[in-house]
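So the sequence lines, in the order shown, correspond to chains W and E. Counting along the first sequence from 1, when you hit position 94 you're at 94 in my numbering, and nothing is skipped either side. Counting along the second sequence from 1, when you hit position 261 you're at 261 in my numbering, and nothing is skipped either side.
Read the hints as simulated data drawn from the structure, not as lab findings. Backbone N, C-alpha and C define an ideal beta-carbon position, used for all residues, glycine too. Don't take each hint at face value.
Said to hold, decoys possible - Pair ranges (Cβ atoms, derived):
1) E235(E) x G248(W): 36 to 42 Å
2) A36(E) x H277(W): 37 to 43 Å
3) Q239(W) x K54(E): 48 to 54 Å
To be verified - Partial list, derived from the structure: chain W residues whose beta carbon lies under 8 Å from chain E:
4) M230
5) F231
6) G254
7) C263
Said to hold, decoys possible - Which chain W residues stay away from chain E? Per the calculated CB distances, all over 12 Å, these:
8) K53
9) A74
10) E89
11) G114
12) N156
13) G158
14) D167
15) A175
16) D222
17) G224
18) A232
19) K247
20) G248
21) K275
Number of protein chains: 2
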Amino acid sequence: MELDRRTLLCGLGGLAVGGGLFVLSGREGLAAEAAAPGKRFEQVGGDFGWQPKKLDPAECAKVAYEAYWYKGYACGYGVFYGIVGMMGEKFGTPYNQFPFTMFEFLKGGISDWGTICGALGGAAAAFALFYGRKERNTMVSDLFRWYEQTKLPIYNPGDMAQGVKGDIPGNVSGAVLCHISVSKWCYANKVEATSKKRSERCGRLTADVCSKAVEILNAKIDAGKDYKPMFAKQESVKQCGECHQTKGEETNWGKGILNCTPCHDGRQALTDKFKNHPQ
Amino acid sequence: MELDRRTLLCGLGGLAVGGGLFVLSGREGLAAEAAAPGKRFEQVGGDFGWQPKKLDPAECAKVAYEAYWYKGYACGYGVFYGIVGMMGEKFGTPYNQFPFTMFEFLKGGISDWGTICGALGGAAAAFALFYGRKERNTMVSDLFRWYEQTKLPIYNPGDMAQGVKGDIPGNVSGAVLCHISVSKWCYANKVEATSKKRSERCGRLTADVCSKAVEILNAKIDAGKDYKPMFAKQESVKQCGECHQTKGEETNWGKGILNCTPCHDGRQALTDKFKNHPQ
Numbered sequence: 001m002e003l004d005r006r007t008l009l010c011g012l013g014g015l016a017v018g019g020g021l022f023v024l025s026g027r028e029g030l031a032a033e034a035a036a037p038g039k040r041f042e043q044v045g046g047d048f049g050w051q052p053k054k055l056d057p058a059e060c061a062k063v064a065y066e067a068y069w070y071k072g073y074a075c076g077y078g079v080f081y082g083i084v085g086m087m088g089e090k091f092g093t094p095y096n097q098f099p100f101t102m103f104e105f106l107k108g109g110i111s112d113w114g115t116i117c118g119a120l121g122g123a124a125a126a127f128a129l130f131y132g133r134k135e136r137n138t139m140v141s142d143l144f145r146w147y148e149q150t151k152l153p154i155y156n157p158g159d160m161a162q163g164v165k166g167d168i169p170g171n172v173s174g175a176v177l178c179h180i181s182v183s184k185w186c187y188a189n190k191v192e193a194t195s196k197k198r199s200e201r202c203g204r205l206t207a208d209v210c211s212k213a214v215e216i217l218n219a220k221i222d223a224g225k226d227y228k229p230m231f232a233k234q235e236s237v238k239q240c241g242e243c244h245q246t247k248g249e250e251t252n253w254g255k256g257i258l259n260c261t262p263c264h265d266g267r268q269a270l271t272d273k274f275k276n277h278p279q
Numbered sequence: 001m002e003l004d005r006r007t008l009l010c011g012l013g014g015l016a017v018g019g020g021l022f023v024l025s026g027r028e029g030l031a032a033e034a035a036a037p038g039k040r041f042e043q044v045g046g047d048f049g050w051q052p053k054k055l056d057p058a059e060c061a062k063v064a065y066e067a068y069w070y071k072g073y074a075c076g077y078g079v080f081y082g083i084v085g086m087m088g089e090k091f092g093t094p095y096n097q098f099p100f101t102m103f104e105f106l107k108g109g110i111s112d113w114g115t116i117c118g119a120l121g122g123a124a125a126a127f128a129l130f131y132g133r134k135e136r137n138t139m140v141s142d143l144f145r146w147y148e149q150t151k152l153p154i155y156n157p158g159d160m161a162q163g164v165k166g167d168i169p170g171n172v173s174g175a176v177l178c179h180i181s182v183s184k185w186c187y188a189n190k191v192e193a194t195s196k197k198r199s200e201r202c203g204r205l206t207a208d209v210c211s212k213a214v215e216i217l218n219a220k221i222d223a224g225k226d227y228k229p230m231f232a233k234q235e236s237v238k239q240c241g242e243c244h245q246t247k248g249e250e251t252n253w254g255k256g257i258l259n260c261t262p263c264h265d266g267r268q269a270l271t272d273k274f275k276n277h278p279q
C-alpha cells in the first residue's frame, strides 16, 4: 500500500467541509497530523465553513429540553445541542466533534450574571457556524424579536417533565436579557427565582427557542440570500433611533437594538431603589 | 504495512485530549472515520475535556486587537482567538481546529443587539472549554467585575492602530452590557456610536479584556481548585439581593448578578422617554 502523502479526511475541520487534511508521512512511523492553519486567522475548513442542515423543529425542541436538564448544563447548551448536536446525530462529522459543553457558559445569562438569555445565545452561536454577519443578523433579529413579543413558555413535556409537571404560566418578557425575562416572569407569577418551577420554565423556554431557531434555519436554507425578515424593527427602537441611532445626529450614542421600553419608560422598577426603598 | 484497525489520533476531539480516534478500515478503500459519541450528550474528548495552557497576556492582547479588525469579526472573535487561537498557534491541536469565526456572533453584543459585551462573552466561552461551572463561575465573575469598575480602554496600539491613532478617552461603564458600556462612553465623550473612533475604543477594549482573561486563566492554572476570587460581590447586588435574591423571601425574583445601579437608581435616562421627550 502506498500511503505516503496520501491524504485522509477526518475530524471536525475536515470530513464535511473539505478542510482538514491528514497526511500519512513515512512508511515506518505511521503518523497522522491534523491540518494546521497556514497563517494567523486562517481557519481549518474556511470561515463560516460548516454546511447547515435542515432539522425537525419538534424533534429538536424535545432534545433541547432534555439537554437543558442533562447535568445542569442548561439553556445555552440545550439550544446549541438541540441544533448542532442533532446535526451530529444525523450527519456525523464535523458536527458531532464539537466540544458542546463549552456552551454551558451561557447558563443563567452567562455564569448566573443574567445578561443575554442563554437559549438565545446558543441559537445565535449555532447560526454563526454557517453564516457570516451579513446573512446571519436578520436571522438573529427574527429570533430575538419573536422572543420579545411571544408569551413563553409554550412547550409542555407532559410526563417527561424533569422539574415540575403540569402547566406552567407564560408571560411576554419584552426583553432578550435573562435578568429581565426571568425576573418579570417570577414577579408576574409570584415564583421564586431559585425555585424548581423557575428552572422548569427556563427548560421549556429552551425547547421553544430551539424550535423557533430551527424553523428560522430551515427557512434560511430554503431561501438563501432571499431570506426575508419575519419581524419588523420594534417601534421603540425606531422612535429612539431617530436621534440616538442616526449618523450625524448630535445624540447618536445608542448602541444596540434591544427593545428600549423595559429600561427607559420610567416604570416603577426604574425609580431610585437605593433611597427610601422598600416603599 | 498492517493498517487495518490501526488507530490514529488526530483532529479537534483527539490529539490532545485522547478522545478522537480514527480507524483505517480495509486495505482497499482507505477510509478514516472520526470517533462518534457513543450516545446522546456523550462528547468526543469528554465534558470540558480540553487542557488549558498558560499564555502571555501582553502578546495575546496584541493579537486580540488585530483579530478585532480582521474582516470586521470584532470583539468576541478577537478575545476568543486571542486565547484559544494563541493556544493553537503554540500547541496545535485541538485548539487550532476550532471554527473560530463562529464567535463573530458576539459582534455588537450579539448581531448588533447590544446585549453582553462581546469581548466578555468570548472570554467566558473560552474558559468553558476547560472548566465546568463550579470552577468557572468565579473566573467569569472576576473578569466581569473588573470590567464594571475599570476605566477602559487602557491598551494603546501606537502606530499599529487600525482605526484611529493616538489617545482614546476612557470611562468606567459600571455595566457588562454592550448597550450600556458603549452608549455611556459615547455620551461621556460626545462620540457617535457609529464612528470609527468608537470602533477603535472597542478594539482596544478587546485587547484589555483578552489580557485580563489570560491573567485570570494563568492564575487558575496555577491555583487549581484553590483559586480565590479577586473581586467581591458588588454592593448594589448585595443590598438588593437581601430581599430579591434570598431563598424564602416573598420578593426573591431577581435573576442575575449584574450591577443593579445603571437600571435601578432612577437616573435621568430611566425616566419616561416616551412622553414629553426630548425635554
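Results for each hint:
1. The supplied range of 36 to 42 Å is met by E235(E) and G248(W), whose beta-carbon atoms lie about 40 Å from each other.
2. A C-beta distance of roughly 56 Å is found between A36(E) and H277(W), which places it outside the suggested range of 37 to 43 Å.
3. Between Q239(W) and K54(E), the C-beta spacing of about 50 Å keeps the proposed range 48 to 54 Å intact.
4. The beta carbon of M230(W) comes no nearer than 15 Å to any beta carbon in chain E, farther than 8 Å, and the hint placing it at the interface is violated.
5. This hint is violated: F231(W) has a C-beta 13 Å from the nearest C-beta of chain E, more than the 8 Å allowed.
6. Here the hint on G254(W) is kept, as its CB sits about 6 Å from the closest CB of chain E, short of 8 Å.
7. At its closest, the beta carbon of C263(W) sits 5 Å from a beta carbon of chain E; the interface hint therefore holds under the 8 Å criterion.
8. At roughly 15 Å, the least C-beta separation between K53(W) and chain E is larger than 12 Å, which holds for a residue marked as non-interface.
9. The Cβ of A74(W) does not lie farther than 12 Å from every Cβ of chain E; its closest approach is about 9 Å, which violates its non-interface assignment.
10. Taking the minimum C-beta to C-beta distance to chain E, about 7 Å, the non-interface status of E89(W) is violated against the 12 Å cut.
11. Not every CB of chain E lies more than 12 Å from the CB of G114(W), the least distance being 2 Å, so the non-interface label is violated.
12. Against the 12 Å criterion, N156(W) stays outside the reach of chain E, whose nearest CB is about 21 Å from its own CB.
13. Even its closest Cβ contact with chain E, about 19 Å, leaves G158(W) beyond 12 Å, as expected for a residue assigned away from the interface.
14. No Cβ of chain E approaches the Cβ of D167(W) within 12 Å, the least distance being about 20 Å, so the stated non-interface status holds.
15. Against the 12 Å criterion, A175(W) falls within the reach of chain E, whose nearest CB is about 10 Å from its own CB.
16. Every C-beta of chain E lies more than 12 Å from that of D222(W), the closest at about 21 Å, which supports listing it as non-interface.
17. Interface exclusion of G224(W) from chain E stands, the closest Cβ pair being 19 Å apart, more than 12 Å.
18. Its beta-carbon lying about 15 Å from the closest one in chain E, A232(W) satisfies the requirement of being farther than 12 Å from that chain.
19. A beta-carbon of chain E comes within 12 Å of the beta-carbon of K247(W); the shortest separation is about 5 Å.
20. Taking the minimum C-beta to C-beta distance to chain E, about 8 Å, the non-interface status of G248(W) is violated against the 12 Å cut.
21. Interface exclusion of K275(W) from chain E breaks down, the closest Cβ pair being 8 Å apart, not more than 12 Å.
Hints 2, 4, 5, 9, 10, 11, 15, 19, 20 and 21 from the list above are not met by this structure, while the remaining hints are.
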